[in-house]
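Top line first, the protein sequences correspond to chains S and U.
Quick note on my numbering: the first sequence kicks off at 1 and runs consecutively.
Quick note on my numbering: the second sequence kicks off at 118 and runs consecutively.
Derived from the structure by calculation, the hints contain no laboratory data.
Treat the hints loosely; a few may be bogus.
Stated by the list, open to error - Here are the computed distance ranges between Cβ atoms for each label pair:
| id | chain 1 | residue 1 | chain 2 | residue 2 | range |
| --- | --- | --- | --- | --- | --- |
| 1 | U | ALA127 | S | GLY61 | 27 to 33 Å |
| 2 | U | THR195 | S | LEU68 | 44 to 50 Å |
| 3 | U | GLU177 | S | VAL3 | 20 to 26 Å |
| 4 | S | LYS64 | U | THR137 | 38 to 44 Å |
| 5 | U | GLU122 | S | TRP10 | 27 to 33 Å |
| 6 | S | LYS20 | U | GLU173 | 31 to 37 Å |
Said to hold, decoys possible - Under the rule of at most 20 Å between Cα atoms (straight-line distance), these lysine to any residue pairs were calculated in the SDA-like manner:
| id | chain 1 | residue 1 | chain 2 | residue 2 |
| --- | --- | --- | --- | --- |
| 7 | U | LYS220 | S | SER89 |
| 8 | U | LYS180 | S | THR103 |
| 9 | U | LYS120 | S | GLY61 |
| 10 | S | LYS41 | U | LEU225 |
We put the CB at the ideal spot given by N, CA and C, even for glycine.
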Amino acid sequence: GAVVSQHPSWVICKSGTSVKIECRSLDFQATTMFWYRQFPKQSLMLMATSNEGSKATYEQGVEKDKFLINHASLTLSTLTVTSAHPEDSSFYICSAWLGTANTGELFFGEGSRLTVL
Amino acid sequence: SQKIEQNSEALNIQEGKTATLTCNYTNYSPAYLQWYRQDPGRGPVFLLLIRENEKEKRKERLKVTFDTTLKQSLFHITASQPADSATYLCALGAGYSTLTFGKGTMLLVSP
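If we strip away everything but chain S, and leave its shape as in the complex, we get (with noise of 0.2 Å):
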């Protein structure tokens, strides 16, 4: 099946600094790819909609100036999680849809598990 790697699967980082997660879609394209996150025992919360060439859609109560989307080829997305705080810490997962509006399916990254201190 296709394949969406993740990368960092983990990082560790400071209160205040910016933490940049990249999600590339290896054997297909894909001009939409979506950002989730995860918290422990908690179902996918949908964050926002990442569109190649076009700002990203970002559901409510995501800040968008605080997470940043950029998707700027067909085969890569970015997340950056700006001035991070611990309550930031969760776990990301990126996917991307396969198939046409009404049938496909989610193709998800490994995910990346991010402790802000």
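Dock chain U against the given chain S, drawing on the hints supplied.
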């Protein structure tokens, strides 16, 4: 508001038995429902998709049913194996951008 409910308690079964997981939803009319498997510290992996006009779908040892009247989907794993131990998520959607996930149910298969 839309709500997806999956058993929060882990399901413990013995190897060889059939595992049945439940996904209930309210205030939603999905065009399809999907099931994903998630291992600890990993991203989810797609398993099956079933549409609103389909009652049952099978794939190898997996079977999914979808009852839009009861607003419920059942996910079965027959002849379960310890390697099937994971968290299983159901997701409802009307299009890829509206996919909504449940919290998942952990399945533990003991040898």
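So, going through the hints one by one against the coordinates:
Remark: the range hint 27 to 33 Å for U/ALA127 to S/GLY61 is upheld by a beta-carbon distance near 30 Å. Restraint check, U/THR195 to S/LEU68: a C-beta distance of roughly 46 Å satisfies the suggested window 44 to 50 Å. Taking 20 to 26 Å as the suggested C-beta distance range, the pair U/GLU177 and S/VAL3 conforms, at roughly 21 Å. Roughly 41 Å separates the CB atoms of S/LYS64 and U/THR137, a value that falls within the hinted 38 to 44 Å.
Separation of U/GLU122 from S/TRP10 is about 31 Å and conforms to the stated range, judged on CB atoms against 27 to 33 Å. For the pair S/LYS20 and U/GLU173, the supplied restraint of 31 to 37 Å is violated, since their beta-carbon distance comes to about 44 Å. Using a Cα cut-off of 20 Å, the hinted pair U/LYS220 and S/SER89 holds, with the two alpha carbons roughly 19 Å apart. Among the hinted pairs, U/LYS180 with S/THR103 is consistent with the structure: their alpha-carbon atoms are about 19 Å apart, no more than 20 Å.
Annotation: proposed proximity of U/LYS120 to S/GLY61 holds, straight-line Cα distance about 18 Å (limit 20 Å). Proposed proximity of S/LYS41 and U/LEU225 is supported: the alpha carbons are some 15 Å apart, at most 20 Å.
The structure shown violates just one earlier hint, number 6.
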